Amino acid sequence: MSDGNQPRQERRPDRAALVIAAALAVVAIVIAWSTANMGGAATYARIGPTTFPYVIAFGLFVLAICTAYVALRGDFPQREEQNFPPMLWIVGGLAAQMLLLKTVGFSIATGLLFAATARGFGKGPLWMTVPLGIVLAFAIWFVFAKGLQLALPAGPLERLF
Amino acid sequence: MKHFVFASILGAFLALPAHAADYKIMAPAAPGGGWDQTARSMQTALQDEKISGNVQVTNVPGAGGTIGLAQFVNQASGDPSQLIVGGYVMVGAILTNASPVTLDQVTPIARLTGEYEAIVVPAASDIMDMAGLVEKLKADPGAVSWGGGSAGGTDHITAGLIAKAVGVDPTKVNYIAFSGGGEALAAILGGQVTVGISGYGEFASQIEAGALRIIGISSDEKVEGIDAPTFKEAGVDVSIQNWRMVAAGPGITDEQTAAINADIEKMAMSETWKKILADNGWANTYLAGDEFKAQLAKDIESTSAILKDIGLVK
Amino acid sequence: MDTFALLAQGLLTALEPINLFYALVGVTLGTAVGVLPGIGPALTVALLLPVTYKLDPAGSLIMFAGIYYGGMYGGSTTSILLNTPGESASIVTALEGNKMARAGRGGPALATAAIGSFIAGLIATLGLAFIAPWIVSIALSFGPAEYFALMVLAFMTVSAAFGDSALRGLTALAIGLTLGLIGIDLQTGQARLAFGIPDLLDGIEVTTLAVALFAVGEALSVAATKSAREQKIEPVKGSVWMNREDWARSWKPWLRGTAIGFPIGAMPAGGAEIGTFLSYSVEKQLTTKPEEFGHGAIEGVAGPEAANNASAAGTLVPLLTLGLPTTATAAIMLAGFQQFGLQPGPLLFANNPQLVWGLIASLLVANFMLVVLNLPLIGLWVRLLSIPTHWLYAGILMFATLGTIGANPSSFELGMLLAFGLMGYGLRRFGYPIAPVVVGLILGPMAEQQLRRALAISQGDPTVLVGSPIAIVLLLLAVTAVVLPMILRARGQGKVLAQLAGDED
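Protein chains in written order, with numbering that gives the first Met the number 0: chain E, 0 to 160; chain D, 0 to 313; chain A, 0 to 504.
Same shape as in the complex, but just chain E (with noise of 0.2 Å):
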């Protein structure tokens, strides 16, 4: 093999891997920090409930360091541009029949999921997918909680039948 005449690829560290590489070391002392707080109880095996805890923790560092060499060598597969706002749209949805559950009832909480995805991806108006959203998953709702007795949240809707 002969790199004389072939032009050699700019390669940058990857700052995104790096943060990475970061967070698994990160873990890896939480991990670490939380078994030796745990204090271990006396059984007859040698291998006691903090032995995998340590094994993993020290596993995740090795990767840790792996990975920022790979990182700082810009190994990593080329990335897509990102466009954030859909995503947001879908998390936010997420988050609001989570926060949303207990108060609203399944079928509304759930219905604004419906929405936020679809506006998501770019349908709407939500005039209309938020109605259409909450009469699916009402009748979702009828289906399994009065059906099949399956305890999913009751609202205001549902307090109706």
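Just so you know, the hints here were simulated from the structure itself, not pulled from any lab data.
These figures come from a predicted structure and were not determined experimentally.
Don't take every hint at face value.
[Claimed, not checked] Restricting the straight-line Cα-Cα distance to at most 30 Å, the calculated cross-link-like pairs of lysine-lysine (DSS-like) are:
1. D/Lys23 - D/Lys265
2. A/Lys288 - E/Lys122
3. D/Lys231 - D/Lys265
4. D/Lys292 - D/Lys163
5. D/Lys265 - E/Lys145
6. A/Lys225 - E/Lys122
7. E/Lys145 - D/Lys49
8. E/Lys145 - D/Lys273
9. D/Lys23 - E/Lys101
10. E/Lys145 - D/Lys163
11. D/Lys274 - E/Lys145
12. D/Lys307 - D/Lys265
[Said to hold, decoys possible] Residues of chain A placed beyond 10 Å of chain D at every Cβ, according to the derived structure:
13. Thr12
14. Asp163
15. Leu185
16. Gln189
17. Lys236
18. Ser238
19. Thr286
20. Pro289
21. Leu323
22. Arg452
23. Ile456
Even glycine gets a Cβ: it sits at the ideal position worked out from N, Cα and C.
Keeping the supplied structure of chain E fixed, place chains D and A upon it in accordance with the hints.
Leaving out everything else, chains D and A in the frame of chain E:
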């Protein structure tokens, strides 16, 4: 397609009657477990005996029932229509998980069913009776491996109590925890552990078939139909019952408590309930009111002591 | 001969028109509920069991068998079409199945899953009828040391799903193992990595993690990536049915999957997932087209799907012969059997031959109904993919959260779904494989518990791990599976190098 699926489900279930809600029972466990079955059996009995128009069961699984208990204490405060199913396992789970909510914060109604702990050995084992087990345990506690349910549960507690009663250090008990009754039973049948310890019902059909030998049972007196001495008869002063109970929320009035008590008593005396108990092989250990409260307090005290001895609670 | 007479009698009862109708209703309901991501067979059976109480014993037994097989089968449809595994046993199916569906080959993927499930169910049910006592004696000889060896063997299957980078594959596995640590340690009752949060004490639910990584992660990833959004999915390219090559490449994986899944399902601590992992890895090793793996190889659907259905029947072996409920599904079934007056246990075959053979006949009929119901529906199912992307993903998230809420209606669980969904997005963005995370969560705790049990029973003596022929054979297999491909690759490279050298001459 969707319509077809929905229509077929609807068609099959619309026949079920709907009533106004009378009781809401929380099973602080996933569907299928003992507490869930108890809650659903209560639902059947209360509705079939027309004690209550409509009973709903909700499942809140997690951490030996303590997650459900915490949620129940929060939600059911002052509401006489909400009940929770629980059991002896909860007593231990509250202690080992250092749960902020305890059984003092609910209104105990009644103990409904119970099961005694049995100790078994494979048919080929050289341990013939409790005396043989005690002898081995005293000679080398580590050489006796006990197979049962999760650490800190009823099975583990019973093993610890037995060791303590015969003068062996409870921390030296070589307890092997298995998840789920089936896995433990398989290990016992396969001769992987020295002895098995669990509820009698788990072992009944194997004992009947001669694959396992029962060497002791944790009841106070000999149980009809179980051909084994109690631990006490064999000279080991331990008795324990893995009971299941029903409780109401905190802050309800004495009248409301009395009304619930009456409903549950009516249910426990009904033919439907007796049939359910027989079908499931549950022993009727109905105990209500102050007697149950006294028993509960005693259980909490002894459990907390043994969990400290085993080293699970500091 | 008595056996055949009893089975024939059972079949005659099961084939009465009204009972066939009950089987159809059971299969339809089981599939419909089982298809929901996050609602596995256990919850499906628990939800639908009360329906069967209203019928006569024969009818209810048949409907019940239909619900069981329908629930087991339902998960594969969403795995293949929507990349959303319905339960942990169909995670592997998503790996190749969804790639096939995206290439317009959803029809053959669903067909090979349906027919493979049928064949596996048929063979395994017959196995249940005729060799159950023999299988069960093998299963019982598995102690903690043997299970640990089996887990080691299963671990090497993860490497089959690593994709193109060992570093990223291992990292994904380590993340799964870390998640597996969370919760109360079974052996000592101590909480690990729970940070005082009670909801974490029971550990991370496998289905929550799988649904979040696969379904939510993918929805986020597709929404954020321009090229993925504009990518048109063609529901059908070529025939919707399996062609000659598909058949030729499917039949062996079906049989091998059955041979792997049935005994592992019968093992009290085996579990359906392990069989699917092993089957996937075996097919990847034996395939004539290794380059297709990871891009939609039909063997990777046929084998694991057969394995997961065979293990469903395998679960019934310890249940019927020993009364051992080895899975949550089996525990609920035990309650169901008691309703029919069946008392599973060592004496069952002797005491209630009529009911046992009735049940086995019902399982055969239900299995047949399943394929009758599903094959004609494949054409309809693949059309799901022609739904516009925005409605499709809105619907997927709706059903994904329904499954999670139905299994545990808590905001905390939904929060985990969101958090792991974001993690799934991050993993995809940086080219990390998804499957090893889930596999680590499933296998890690099992391997740890078995190892610690084995060492506790032996009081710390490590030689117990290689103390039985079964354990030694399994460990040798694991070593071979890791080392052999390396040697072959090294040799292959040698050949290529030799060829290059030759060309230069």
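To see whether the hints hold, each was checked on the structure:
1. D/Lys23 - D/Lys265: 17 Å, holds
2. A/Lys288 - E/Lys122: Violated. A/Lys288 to E/Lys122 sits at ~41 Å, over the 30 Å cutoff.
3. D/Lys231 - D/Lys265: 34 Å, violated
4. D/Lys292 - D/Lys163: Within the cut-off at roughly 26 Å; holds.
5. D/Lys265 - E/Lys145: 28 Å, holds
6. A/Lys225 - E/Lys122: 15 Å, holds
7. E/Lys145 - D/Lys49: Since the Cα atoms of E/Lys145 and D/Lys49 sit roughly 20 Å apart, the hinted pair holds (cutoff 30 Å).
8. E/Lys145 - D/Lys273: 29 Å, holds
9. D/Lys23 - E/Lys101: Between D/Lys23 and E/Lys101 the Cα gap is close to 17 Å, so the pair holds against 30 Å.
10. E/Lys145 - D/Lys163: Violated, because 52 Å separates the two Cα atoms, which is more than 30 Å.
11. D/Lys274 - E/Lys145: Satisfied, since the Cα-Cα distance of roughly 27 Å is no more than 30 Å.
12. D/Lys307 - D/Lys265: Distance of about 39 Å is beyond 30 Å: violated.
13. Thr12: 22 Å, holds
14. Asp163: 36 Å, holds
15. Leu185: A/Leu185 not clear of chain D: closest Cβ-Cβ about 5 Å, inside 10 Å.
16. Gln189: Since the minimum Cβ distance to chain D is about 8 Å, A/Gln189 lies within 10 Å and the statement is violated.
17. Lys236: For A/Lys236, whose nearest Cβ neighbour in chain D is about 21 Å away, the distance exceeds 10 Å, so it holds.
18. Ser238: Its Cβ never comes within 10 Å of chain D, the nearest being 21 Å, so this holds.
19. Thr286: A/Thr286 is indeed farther than 10 Å from all Cβ atoms of chain D, at 33 Å.
20. Pro289: 36 Å, holds
21. Leu323: 4 Å, violated
22. Arg452: About 5 Å separates A/Arg452 from the closest Cβ of chain D, which leaves it inside 10 Å; violated.
23. Ile456: 5 Å, violated
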